[in-house]
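Novice: Modelling step: build the complete structure from the supplied sequences, incorporating the hints.
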Amino acid sequence: MSIKIYVLRLSHDDPRKATGAKLLRLKLAERYRKSRGSIVLNPFSRVYLSPADRGARALVAVDASWRRIEEVRWPAGLQRRLPFLVAANPINYGIPEYLSTVEALASALIILGYWDLSLRILNPFKWGEEFLRINEDRLKAYARSSCEEEVRALSEKFRRELEDHPPVAP
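Using our numbering, the letters of the sequence shown correspond one by one to residues 2 to 171.
These aren't lab readings, by the way, just hints derived from the structure by calculation.
A hint or two may mislead.
[Claimed, not checked] Pair by pair, the computed Cβ-Cβ distance ranges are:
hint, residue 1, residue 2, range
1, A77, H166, 36 to 42 Å
2, N124, G95, 20 to 26 Å
3, E31, D117, 14 to 20 Å
[As the list claims (entries may be wrong)] Keeping only pairs whose Cα atoms sit at most 20 Å apart, straight-line, the calculated DMTMM-like set for lysine to aspartate or glutamate is:
hint, residue 1, residue 2
4, K158, D138
5, K28, D117
6, K5, D117
7, K141, D117
8, K141, E151
9, K18, E98
10, K5, D54
11, K5, E31
12, K18, E31
13, K127, E137
14, K18, E130
15, K18, E131
16, K141, D54
17, K158, E137
18, K141, E131
19, K141, E130
20, K141, E162
21, K141, E98
22, K127, D117
23, K158, E98
24, K35, D54
25, K141, E157
Please read all numbers here as calculations on a predicted model, not as lab measurements.
Where is the CB? At the ideal position from N, CA and C, for every residue including glycine.
Specialist: Below, the structure written as C-alpha cells:
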C-alpha cells in the first residue's frame with residue numbers, strides 16, 4: 002500500500018527556502034488537490050496523528066510561514082496534529098514543534114509506517130538526518146503506539162522530559 006503526498010503551497014515564504022516548494026520541484030510531492038481519505042496536518046487540531054490513521058490514502062501539508070499560520074484556511078480532510086517533536090531545520094533548529102513542511106511530512110510518514118518514503122523526502126535536505134537523529138526515540142515510540150490516546154500521552158511525556166532536562170549548549 003502506498004500513500005500520496007500533497008503540498009498546499011502558500012506564498013508566505015521565499016520559495017527558494019520553503020521545504021514544501023522544494024518537494025514540489027523535486028516531484029517528491031504533488032500540488033494539493035482534494036482527495037478522499039486525506040489526512041491534513043494541522044497544528045491546531047485537537048486529534049493527534051497515530052498509527053490508527055494508517056488507512057489514509059493521502060497526506061496533506063500546508064507550506065506556510067509560522068509567522069502567518071493564523072491566516073491559513075485548512076483544506077478539508079481528517080485534521081491531525083503531530084505529537085511533540087523538535088525541529089532540526091536551519092530556521093527553527095532546536096525549537097519544539099516548529100517543524101518545516103518536510104519535517105512534518107516525514108514525521109507523519111514514519112508514524113503511519115512509511116519509513117522508506119520518509120527517508121526519501123528528507124534526503125535532499127542536508128539537515129534531514131539530524132532531524133531523525135534528535136527525534137528518533139520519539140518517532141519510534143509514536144510509530145509503535147496503538148491509538149491516538151497513547152500518542153497523546155507519549156507526546157506529553159516527551160514534552161515534560163525536555164522541559165525538565167533542557168539540552169546543554171556546547
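Novice: So, for every hint listed, does it hold in this structure?
Specialist: Taking the hints in turn, this is what the structure says about them:
1. At about 40 Å, the CB distance of A77 to H166 agrees with the hint of 36 to 42 Å.
2. Under the hint 20 to 26 Å, the C-beta atoms of N124 and G95, about 22 Å apart, fit the expected range.
3. For E31 paired with D117, a C-beta distance near 18 Å keeps the hint of 14 to 20 Å intact.
4. The suggested pairing of K158 with D138 holds, with an alpha-carbon distance near 12 Å, which does not exceed 20 Å.
5. The hinted pair formed by K28 and D117 meets the criterion: a straight-line CA distance of about 16 Å does not exceed 20 Å.
6. Distance restraint check for K5 and D117: the Cα-Cα separation of roughly 14 Å lies within the 20 Å cut-off, and the hinted pair is therefore satisfied.
7. Only pairs whose Cα atoms come within 20 Å are accepted, and K141 paired with D117 is accepted, the gap being roughly 14 Å.
8. Restraint check for K141 and E151: satisfied, since their Cα atoms lie roughly 13 Å apart, inside the 20 Å limit.
9. The hinted pair formed by K18 and E98 meets the criterion: a straight-line CA distance of about 19 Å does not exceed 20 Å.
10. Restraint check: the Cα-Cα separation between K5 and D54 comes to about 14 Å, which is no more than 20 Å; the hinted pair holds.
11. With a CA separation close to 8 Å, the supplied pair K5 and E31 stays within the 20 Å bound.
12. About 18 Å separates the Cα atoms of K18 and E31, which keeps this hinted pair within 20 Å; it holds.
13. Restraint check for K127 and E137: the C-alpha separation of about 17 Å stays at or below 20 Å, so the hint holds.
14. A C-alpha spacing of about 18 Å is found between K18 and E130, which places the hinted pair at or below 20 Å, so the restraint holds.
15. A C-alpha spacing of about 18 Å is found between K18 and E131, which places the hinted pair at or below 20 Å, so the restraint holds.
16. For the given pair, K141 sits about 16 Å from D54 by alpha-carbon distance, which is consistent with the 20 Å threshold.
17. For the suggested pair K158 and E137, the alpha carbons sit about 15 Å apart, so the restraint of at most 20 Å is met.
18. The hinted pair formed by K141 and E131 meets the criterion: a straight-line CA distance of about 15 Å does not exceed 20 Å.
19. Annotation: proposed proximity of K141 to E130 holds, straight-line Cα distance about 15 Å (limit 20 Å).
20. Proposed proximity of K141 and E162 is supported: the alpha carbons are some 16 Å apart, at most 20 Å.
21. A threshold of 20 Å between alpha carbons decides the hint, and for K141 with E98 the separation of about 17 Å falls inside it, so the pair holds.
22. Between K127 and D117 the CA atoms are separated by roughly 17 Å; this keeps the pair inside 20 Å, and the hint holds.
23. At most 20 Å may separate the alpha-carbon atoms for a hinted pair to count; K158 and E98 meet this at roughly 14 Å.
24. About 18 Å separates the Cα atoms of K35 and D54, which keeps this hinted pair within 20 Å; it holds.
25. A C-alpha spacing of about 15 Å is found between K141 and E157, which places the hinted pair at or below 20 Å, so the restraint holds.
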